[in-house]
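Engineer: Heads up: the sequence lines are chains A and B, in that order. If you read the first sequence in this note's numbering, its first letter stands for residue 61, the second for the next number, and so on. If you read the second sequence in this note's numbering, its first letter stands for residue 92, the second for the next number, and so on.
Keep in mind that the hints are not guaranteed to be accurate.
[What the hints assert, rightly or not] Here are the simulated lysine-lysine pairs, BS3-like style, with alpha carbons at most 27 Å apart:
hint	chain 1	residue 1	chain 2	residue 2
1	A	Lys98	B	Lys273
2	A	Lys98	A	Lys81
3	A	Lys140	B	Lys273
4	B	Lys120	A	Lys114
5	A	Lys95	B	Lys120
6	A	Lys81	A	Lys95
7	A	Lys71	A	Lys114
8	A	Lys98	B	Lys120
9	A	Lys126	B	Lys273
10	B	Lys120	A	Lys140
11	B	Lys273	A	Lys81
12	A	Lys71	A	Lys140
13	B	Lys273	A	Lys114
14	A	Lys71	B	Lys120
15	A	Lys114	A	Lys81
16	A	Lys72	B	Lys120
17	A	Lys72	A	Lys95
18	A	Lys114	A	Lys72
19	A	Lys81	B	Lys120
20	A	Lys98	A	Lys140
[Claimed, not checked] Pair ranges (Cβ atoms, derived):
hint	chain 1	residue 1	chain 2	residue 2	range
21	A	Ser138	B	Asn274	27 to 35 Å
22	B	Gly191	A	Phe121	34 to 42 Å
23	A	Asp62	B	Arg266	39 to 47 Å
24	B	Asp143	A	Gln90	44 to 52 Å
25	A	Lys81	B	Leu263	33 to 41 Å
26	A	Ala65	B	Asn142	43 to 51 Å
27	A	Lys114	B	Met207	35 to 43 Å
28	B	Gly191	A	Lys126	41 to 49 Å
29	A	Asn88	B	Ala275	15 to 23 Å
30	A	Glu79	B	Arg266	43 to 51 Å
[Stated by the list, open to error] Facing chain B, according to a computed beta carbon distance under 10 Å, are these residues of chain A, among others:
hint	residue
31	Asn80
32	Asp92
33	Phe121
Hints listed in this document are in silico derivations from the structure and should not be mistaken for laboratory results. Predicted model, so just to flag it, every value in this text is computed and none were measured. Each residue gets a CB set at the ideal place from its N, CA and C atoms; glycine is no exception.
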Amino acid sequence: MDRRAILEELKKVLEPYTENKELLRNINEQTDLVKDLKINSSNLVDVIIDAEAKYNIEIDFDSSEKMITIGSCIDVISQKTN
Amino acid sequence: MSGYHRLAVREMASTGNDLVFLPATRCEKTCRPRFYSRILTAAEQQLHARNDSLDLPFDHYIWLCWSIKESVYKYEKRLHAGLSFAPLQIEVQQLMPPAGAEEFYQGTARLLTAGMPLYFQSHIRDGVLMTMVSEDRSFADTRWGCRPIGSSAYADQSAAVRALVLTELQTLLSRTDLQLQKNADDCPVLLGGGQPLAIPVSLAHHENWVAYSFRYPL
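This is chain B alone, in the form it adopts within the complex (with noise of 0.2 Å):
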């Protein structure tokens, strides 16, 4: 049995991820309570004021909360049509510093209305913060990428970042047939020779920088 058919018939199989270009973001608008009162539950302003080894500056751990409830609402989006973005509806619930040779803010966050703790792993490297989920914890199945593109224009982000997934997926799958269209709820849906491959996608863009994430069992 390949891959891809292992995973069409395994439930709930979904993935989500964001990305932050972090110096496009004005700290001193970001750090308003107007503003961070909209994206942060009160546990998740606790969470930051009493974690000291987080090492992150308030603006950046604001987005970093973004990113990864902006991935929790792509990943459940996927499970629950019709579900709109609510950021107060998501809080991170765990959430440890990288450690030792490990690159990745990891832990765990939630829709509080419906879901399952999904996990998350976040990376910030040269001002690019990027943020993907899975029921998982040991992401063991999701592949993710991520880089710079030469311009910021939505027409450029969203044809950059499927060229992208789309390359690396036609390596792995050895198949040159393949599409990405979205469904009526915005989801990015592959296509293999015009038909649904159970394979989720997540794509993300932000100025010129382009991410995805998929799931495909190793």
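Isolated chain A, as found in the complex (with noise of 0.2 Å):
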């Protein structure tokens, strides 16, 4: 999978957890999923299991311990999944 594509499944994963629509539809690469997605932070360890699920990897505690902007959650996604 390409960044891109990864990026339009992750939106999907993030869609329960962002209460602001409009700003999920315009992230990039720099968005960081709490100061600007304002997920709750009692919702991050579900984002990990979804995208475990969504892209059928391993997530493991390190790796998810870099999961704070949209790039760096591609950056460990693409790393898993090619």
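Mind assembling these two chains? They're in different frames, but the hints should get you there.
Structural biologist: Here it is as structure tokens:
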């Protein structure tokens, strides 16, 4: 999967946890999950588990700690899927 | 010398708090190893298993640990710019249940990579779990508040918790020129007359509840 395809799927993972759907439509690689998308921190574990299911991958603890921005999420998912 | 000037010269002044509205969490999901193993260290899992006196369901224990970790993170982030939240890098090391008239779970937790042990106080009431941390075991200079609001929308939570803490601070400091802003690390900064004041503030919200903590000497 290329980064654009991962991004489109990632939007679906983030959708249940993002109140502002307009913001979600316009995310870029610099968008921060908590600071910009306002995802409640208590949902961050859900995002990781849902991403594992969506991409059929396992995200180890060290990698999950890097998933702060959309770009870093794509980096981790790209590494695990390719 | 006024109270907050004394705080200004003190080293390592920070505060951290967190709030979890337990009815909004799902027990079945929380209790899956795949979920809680991303939050609890092996030592924390053992801490619950061997501590009968806690009398706390496992899912509530998980969220208690989560709120303690979030609070420690907020405390440490003010002191370590760029710190990101990694639940397994913060460990609850001691946990005592409320005793007698004491309403708080108490104990210590620390950021494993750098931090000193911090004391926490947590209480669970009406499904609302609230935690605050301090390097001062007595919490004598920690002020806190927690209340329900009429909306769970982010903008409303944010506005309500700011209004709540500013009302308290305006009364305490007898001034009306207070504002709250976030710095580059997303830490709340209290401004008076447009200038930063040395009163660390922490804010939390979840669903229809908001909470704050701040440090102010008696």
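Engineer: Compare the distance between the alpha carbons of Lys273 (chain B) and Lys81 (chain A) with 27 Å, and conclude whether the hinted pair is satisfied.
Structural biologist: Holds - the C-alpha atoms of Lys81 (chain A) and Lys273 (chain B) are around 23 Å apart, at most 27 Å.
Engineer: Decide if the proposed pair is consistent with the structure: Lys71 (chain A) and Lys120 (chain B), CA atoms, cutoff 27 Å inclusive.
Structural biologist: holds, 22 Å
Engineer: Return holds or violated for the Cβ distance of Ala65 (chain A) and Asn142 (chain B) against the range 43 to 51 Å.
Structural biologist: The hint (43 to 51 Å, Cβ to Cβ) holds, given that Ala65 (chain A) and Asn142 (chain B) are roughly 47 Å apart.
Engineer: Between Gly191 (chain B) and Lys126 (chain A), is the Cβ distance one that fits in 41 to 49 Å?
Structural biologist: holds, 45 Å
Engineer: Has the given pair, Lys71 (chain A) with Lys114 (chain A), been kept, meaning a C-alpha gap of at most 27 Å?
Structural biologist: holds, 11 Å
Engineer: Quick check: does the Cβ-Cβ distance between Asp62 (chain A) and Arg266 (chain B) fall within 39 to 47 Å?
Structural biologist: This hint is violated: roughly 55 Å between Cβ atoms.
Engineer: Go ahead and decide if the range 44 to 52 Å is satisfied by the Cβ distance of Asp143 (chain B) to Gln90 (chain A).
Structural biologist: The hint (44 to 52 Å, Cβ to Cβ) holds, given that Asp143 (chain B) and Gln90 (chain A) are roughly 48 Å apart.
Engineer: Hinted pair, alpha-carbon criterion (27 Å max): Lys81 (chain A), Lys120 (chain B). Please report holds or violated.
Structural biologist: holds, 25 Å
Engineer: Range first: 15 to 23 Å. Now tell me if the beta carbons of Asn88 (chain A) and Ala275 (chain B) are that far apart.
Structural biologist: Given a distance of about 19 Å, which is inside 15 to 23 Å, the answer is holds.
Engineer: Holds or violated: Lys72 (chain A) with Lys95 (chain A), Cα cutoff 27 Å?
Structural biologist: holds, 19 Å
Engineer: Can the restraint linking Lys126 (chain A) and Lys273 (chain B) be considered satisfied, given a maximum Cα separation of 27 Å?
Structural biologist: Between Lys126 (chain A) and Lys273 (chain B) the Cα gap is close to 22 Å, so the pair holds against 27 Å.
Engineer: Just to be careful, I want the Cα atoms of Lys114 (chain A) and Lys81 (chain A) compared with a cutoff of 27 Å; is the pair within it?
Structural biologist: Measuring from Cα to Cα gives roughly 20 Å; hence the hint holds.
The structure fails hints 3, 13, 23, 30 (numbered hints given earlier, in ascending order).
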